[in-house]
Structure formats: C-alpha cells, structure tokens
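*Asks:* Going letter by letter, the sequence shown gives residues 1 to 596 in this note's numbering.
If you're looking for bench data, these hints aren't it; they were derived computationally from the structure.
Even for Gly, the Cβ is constructed at its ideal location relative to N, Cα and C.
Where hints are given, some of them may not hold.
Said to hold, decoys possible - What follows is a set of in silico ranges between Cβ atoms, one per label pair, in the way DEER data are often shown:
no., residue 1, residue 2, range
1, T366, I287, 45 to 51 Å
2, S415, D325, 40 to 46 Å
3, I36, Q15, 27 to 33 Å
Stated by the list, open to error - Calculated cross-link-like contacts (lysine-lysine; reagent style DSBU-like; alpha-carbon spacing at most 30 Å):
no., residue 1, residue 2
4, K539, K497
5, K210, K58
6, K1, K104
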Amino acid sequence: KELQVLQVQSKIQSQAKDEMDKSQREYYLREQMRAIKTELGETEEAAEEIEEFKKKIKKAKMPPEVEKEAVKQSDRLEMMHPDAAEAAIIRTYLEWLLDLPWSKQTKDAIDIKKAKKVLDSDHYDLEKIKERILEYLAVRKLQKKTKGPILCFVGPPGVGKTSLGRSIARAMGRKFVRISLGGIKDEAEIRGHRRTYVGALPGRIIQGMKQAGTNNPVFMMDEIDKIGTDFRGDPSSALLEVLDPEQNYAFSDHYLNVPFDLSKVMFITTANMADPIPDPLQDRMEIINLPGYTEEEKLEITKKFIVERQMLEHGLSKKVFSLPDATIKTVISEYTREAGLRNLEREIAALCRKVARKVAEGISVTPVITPDKVHEYLGVTKFLPEAEQETDEVGVATGLAWTPVGGELLHVEASVMKGKGQLTLTGHLGDVMKESAQAALSYARARAKALGIKDNFKEIDVHLHVPAGAIPKDGPSAGITMATAIISALTETPVNKDIAMTGEITLRGRVLPVGGIKEKSLAALRAKMSAIVIPERNKKDLEEIPKNIRDDIRFITVAHMDDVLNVVLKKKDKPPAKAASGPVRLKSGKRPAARA
Numbered sequence: 001k002e003l004q005v006l007q008v009q010s011k012i013q014s015q016a017k018d019e020m021d022k023s024q025r026e027y028y029l030r031e032q033m034r035a036i037k038t039e040l041g042e043t044e045e046a047a048e049e050i051e052e053f054k055k056k057i058k059k060a061k062m063p064p065e066v067e068k069e070a071v072k073q074s075d076r077l078e079m080m081h082p083d084a085a086e087a088a089i090i091r092t093y094l095e096w097l098l099d100l101p102w103s104k105q106t107k108d109a110i111d112i113k114k115a116k117k118v119l120d121s122d123h124y125d126l127e128k129i130k131e132r133i134l135e136y137l138a139v140r141k142l143q144k145k146t147k148g149p150i151l152c153f154v155g156p157p158g159v160g161k162t163s164l165g166r167s168i169a170r171a172m173g174r175k176f177v178r179i180s181l182g183g184i185k186d187e188a189e190i191r192g193h194r195r196t197y198v199g200a201l202p203g204r205i206i207q208g209m210k211q212a213g214t215n216n217p218v219f220m221m222d223e224i225d226k227i228g229t230d231f232r233g234d235p236s237s238a239l240l241e242v243l244d245p246e247q248n249y250a251f252s253d254h255y256l257n258v259p260f261d262l263s264k265v266m267f268i269t270t271a272n273m274a275d276p277i278p279d280p281l282q283d284r285m286e287i288i289n290l291p292g293y294t295e296e297e298k299l300e301i302t303k304k305f306i307v308e309r310q311m312l313e314h315g316l317s318k319k320v321f322s323l324p325d326a327t328i329k330t331v332i333s334e335y336t337r338e339a340g341l342r343n344l345e346r347e348i349a350a351l352c353r354k355v356a357r358k359v360a361e362g363i364s365v366t367p368v369i370t371p372d373k374v375h376e377y378l379g380v381t382k383f384l385p386e387a388e389q390e391t392d393e394v395g396v397a398t399g400l401a402w403t404p405v406g407g408e409l410l411h412v413e414a415s416v417m418k419g420k421g422q423l424t425l426t427g428h429l430g431d432v433m434k435e436s437a438q439a440a441l442s443y444a445r446a447r448a449k450a451l452g453i454k455d456n457f458k459e460i461d462v463h464l465h466v467p468a469g470a471i472p473k474d475g476p477s478a479g480i481t482m483a484t485a486i487i488s489a490l491t492e493t494p495v496n497k498d499i500a501m502t503g504e505i506t507l508r509g510r511v512l513p514v515g516g517i518k519e520k521s522l523a524a525l526r527a528k529m530s531a532i533v534i535p536e537r538n539k540k541d542l543e544e545i546p547k548n549i550r551d552d553i554r555f556i557t558v559a560h561m562d563d564v565l566n567v568v569l570k571k572k573d574k575p576p577a578k579a580a581s582g583p584v585r586l587k588s589g590k591r592p593a594a595r596a
C-alpha cells in the first residue's frame with residue numbers, strides 16, 4: 001500500500017515538474033526574444049499597439065460611458081499575453097468602437113430652393129413626398145435639435161422608392177446607407193451577437209453606421225414587409241427600438257454593449273404592402289403611399305429620364321436614335337402592364353439594343369422609330385387592351401380590383417337556371433369574396449318584391465363566375481359588382497357596359513368604403529370607361545387622384561345599393577322605392593348621385 005502511494009506521488013511530481021520545465025522554457029525563450037529585440041532597437045509591437053489604441057480613444061470624442069468602457073478594455077488588453085485567444089476578441093471590439101462615428105456628422109444643406117431643384121431633377125411628380133422632405137428641412141433650419149423622422153414609402157414595385165432615398169440624401173447633403181431586410185429571420189441581424197460567440201459581429205444597424213462614417217446619414221431599410229419570424233427571434237420586434245425616436249438615442253447592440261445614439265439618423269423604410277408590417281412597427285412610422293403612375297406620368301418620366309439613360313448606356317446618340325411621344329405610348333400600352341417602370345425601361349433598353357446592333361454592323365438606320373416600327377423591334381404585342389363589351393349584357397357587371405402592381409378590371413358574370421336554390425361560385429375566389437357573394441344574394445332575396453324579381457328562389461340556382469379563373473381573387477370590394485350582376489340576371493335587365501364599380505355591400509344594401517381608388521380609376525381609364533361608381537365615404541380619396549384623370553372620367557358616389565342600380569341598370573320604368581329600413585329618399589324617388 002505504501003509503495004502504491006509513493007508511486008502515485010512520484011508520478012504527480014514528475015508531471016508537475018515537466019509542466020513547470022515547459023513553461024519555464026517558454027518564458028526563458030520569450031525573455032531572450034525580448035532582449036534580442038531590445039538590443040536591435042526594435043520597439044515592442046504589442047506595447048505600441050496599446051499606445052495607439054489609447055491615443056485613438058482620446059481623439060474619438062466618445063460619450064463618457066463609452067470612453068470608460070474603451071479604456072477598461074484597452075487596460076485588459078495591455079495586461080494580456082498578445083497571443084491569448086481573448087486578446088484577439090478585445091482587439092476587434094476596440095477597433096469597432098473606434099471606427100464608429102460617435103461625434104462625426106455632416107452639416108445639413110439647409111437651402112430649401114436648392115433641395116427642391118435636386119428632388120425635381122431626380123424624380124417626376126411625387127409631390128407629397130417632396131413636400132414632406134422640404135418641410136423637414138425647414139424645421140431643421142429653425143430647430144437644430146429636432147429628431148430625425150421615420151418615413152415608410154409603401155407602393156408597388158418599380159415606382160422609385162429606393163432611388164428616392166438617394167435623392168433625399170443628395171438634397172440634404174447627407175451620406176446615404178441602404179440595407180435590405182428581405183428574408184431576415186434572425187434577431188441578431190439587427191442587434192448583433194454577444195462577444196462571447198466565435199465570429200461575433202454587430203448588427204446591420206451598427207454596420208451601416210460604420211459604413212456611413214457619420215452619425216446623421218439617411219438610412220434606408222428596404223423591404224420591411226418581407227421580414228420573417230423564426231425560432232431564432234423576431235427581427236421586426238428588434239426594429240421597434242431602432243425606429244422609435246423616444247428610444248433610439250440609446251440604441252443597445254449586443255456586440256457593443258454600450259448605447260449608440262441613432263436620434264440624428266433619418267430612417268426611411270420601403271414596403272410593397274403595409275398589411276404584413278406588424279402594427280406596433282407601423283405605429284412608429286409615418287406611412288406615405290406611392291401609387292402607380294398614369295400613362296401621362298410614364299410618358300414624361302420616359303422622356304426626361306429613361307430614354308437619355310438608356311441611350312448613354314448603349315452608346316447611342318440623337319443622330320441614330322429618337323423616340324417620339326406616340327412610339328413611347330405604344331410601348332407603354334402594348335408591351336407593359338405595371339404600376340412601376342421597370343418593364344418599361346427593359347423595353348426601351350431592348351429598342352436601344354436593336355438599334356445599337358445595326359449601327360455596330362454598319363447598317364444605315366432611320367433615327368426616328370415610329371409606332372408602326374415598334375413591332376419590328378419588340379415583336380408581337382404582349383398585352384392586348386381589355387376586351388370591350390360590344391353591347392350591354394344581362395348578368396355581366398364590370399368591377400374594379402386592386403393588385404400590388406396596380407388596378408385591374410374585373411368582369412363578374414351571373415346566370416340563373418332551374419334548380420334547388422343553390423349558389424355556385426367559381427373563379428378562384430377567396431373566403432371574403434365568397435362571403436360578399438352570399439351577402440349580395442341575400443340582399444337580392446330580401447328585396448325581391450321591391451326589385452321586381454318574380455322567381456321563387458327555392459326553384460332556381462344562381463351561378464356566379466369571375467373570369468381569369470387561374471388568378472386568386474379576394475377582398476370585399478366586389479360586393480356591389482356581384483350584387484348588380486345577380487340582380488341583373490334575376491330581373492333580366494342589361495347593365496351599362498361603360499360604367500365600372502367598386503364598393504363593399506352589407507345585408508341592408510349599404511355601400512361601404514374600399515381602398516385603392518387611384519389604382520382602380522387608372523384601370524378604368526385604361527379600359528376607356530365613361531364613369532366609376534364609388535362609395536360615398538371614398539369621396540375624400542378623390543383629392544389624391546390627378547386632375548387630368550378626374551377630367552377624363554366621371555366619378556359617381558353612392559351610399560346605398562339602390563343608388564347603384566339606378567345608375568348602372570338600363571331600366572326604362574321608374575326604379576323601385578327603397579325599403580323602410582334604408583335611408584329616407586327624396587320626394588322625386590331618386591337620390592341625386594354626387595359627382596367629383
């Protein structure tokens with residue numbers, strides 16, 4: 001037993017001695033290296049690096065609590081072995097702290113007239129947004145300490161949301177930073193990782209501030225409606241602090257672990273749709289809608305910006321390439337169908353390429369491309385105009401729909417046949433749209449006597465179909481269109497083919513307001529409709545519609561379904577009196593339709 005104890009003690013002593021010998025040997029060799037460097041007159045790199053860090057910390061003009069943390073970390077680094085794993089982490093951390101613009105900022109160019117010229121030269125129309133930027137500059141001129149606004153541009157793809165951010169930065173004389181939030185699922189992308197993790201980095205916000213080099217840039221966050229939620233966290237919730245002027249003066253990134261002031265930053269976010277953005281996040285932003293462009297606006301933008309840019313990119317001069325207004329209109333109407341301008345620019349680029357090839361081959365070209373030559377260059381027409389109904393038909397009503405890329409015409413067809421009182425719905429309709437159809441039929445059944453419907457509903461089937469059956473459709477705004485189609489089919493009365501309509505219907509026949517009035521009116525104008533029926537409570541939205549559209553198309557506002565029928569049904573006899581439950585009618589028996 002004693003022998004075993006002695007053997008174990010001897011073994012432990014031997015291992016300990018070996019370790020001591022090894023560390024003593026390393027220490028001895030390191031001291032020799034240091035002595036050799038001193039003899040050669042070389043200063044120690046580590047000590048020099050620490051001294052450099054301390055000088056930079058004094059120059060950086062950090063807030064007191066940040067400077068205190070930086071000094072503390074530099075002292076820790078000084079005491080550490082240069083090759084220690086922790087030393088590399090602290091060194092990277094100090095570099096991040098020193099690279100951030102704690103006190104650097106650009107001076108705002110507070111010249112309202114000059115800023116207006118810059119915005120006008122970069123973008124056509126968009127008056128509401130330009131006005132908002134100029135208002136902000138005016139406030140900055142009077143009150144230097146005002147907090148940066150948080151704007152959210154919502155609109156279809158290709159209307160110029162991202163490029164508008166660059167123009168705003170140029171107009172204000174600020175740096176511009178852009179990050180894309182599309183597809184981000186990890187909260188650490190916004191707030192960063194803690195320094196304990198291998199390969200830890202600050203979040204996108206702090207990275208953007210380092211890239212800008214100033215603490216008051218125009219900071220654009222693209223595709224804020226495309227943020228995902230995952231088991232790794234909710235990035236949209238992490239943005240709540242960033243996009244709140246009352247909190248972002250002390251934004252805390254997990255990596256830095258010290259507050260960073262974001263209150264001087266002008267944040268701009270973009271989205272295609274506002275619905276997917278969480279409500280608390282929407283509440284922190286000022287939402288500005290950018291609807292699609294009219295044909296006239298597209299024409300002006302093409303002439304002022306697109307044609308010149310594409311000619312420059314393709315090396316063409318005015319001697320060999322020229323596009324008259326009629327040709328541009330042909331391209332807009334027959335080769336593109338979008339709210340924005342991306343496809344239009346592609347088509348103009350295609351024209352430039354065709355001409356550039358001929359010029360490069362030495363073939364003589366006529367510089368002016370007339371509308372009849374467009375088909376030679378771009379091929380067959382991609383989009384045919386909406387098929388116009390030749391006559392007013394029974395059971396066919398024209399509705400209007402909103403899509404993320406602009407407005408669309410929606411033809412609703414209804415047929416009545418012998419059956420057992422069933423309602424059949426086809427055309428890839430969503431749940432809300434199906435419920436609207438049920439409400440429309442219920443209204444027709446409840447008002448059957450007043451509307452002059454003689455059919456017994458138990459003995460007939462109603463089939464409601466919305467063409468373009470492969471395209472999903474949803475929403476309540478086709479309510480009055482479906483009700484009109486059903487009542488037209490039941491009363492065998494034709495519907496006026498030149499009037500489009502939009503509005504939600506209730507069981508009592510009230511017409512409720514809907515969205516997307518501008519986009520829908522553009523669709524009606526493209527389809528050469530003479531008038532649009534809209535809910536009375538949407539009258540306020542007419543102010544946002546350009547004057548040339550209001551001059552070209554008639555807007556009829558209605559409050560009840562009976563008003564809709566009075567306008568759209570081709571009825572010779574006197575319209576039926578409204579039920580007692582409805583609003584009181586004038587003595588003449590008709591409610592005069594208000595027009596914009």
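*Asks:* Confirm or reject the claim that S415 and D325 have a C-beta distance inside 40 to 46 Å.
*Replies:* At 44 Å between Cβs, range holds.
*Asks:* Cβ-Cβ distance between I36 and Q15: within 27 to 33 Å?
*Replies:* holds, 32 Å
*Asks:* Taking only the CA atoms, is the gap from K1 to K104 under or equal to 30 Å?
*Replies:* Distance of about 75 Å is beyond 30 Å: violated.
*Asks:* Can you let me know if the beta-carbon spacing of T366 and I287 is within 45 to 51 Å?
*Replies:* Check passed, 48 Å falls within 45 to 51 Å.
*Asks:* Would you check the hint for K210 and K58, treating anything up to 30 Å between C-alpha atoms as holding?
*Replies:* holds, 19 Å
*Asks:* Does the structure keep K539 and K497 at a Cα separation of 30 Å or less?
*Replies:* holds, 23 Å
Hint 6 from the earlier list is the only one contradicted by this structure; the remaining hints agree with it.
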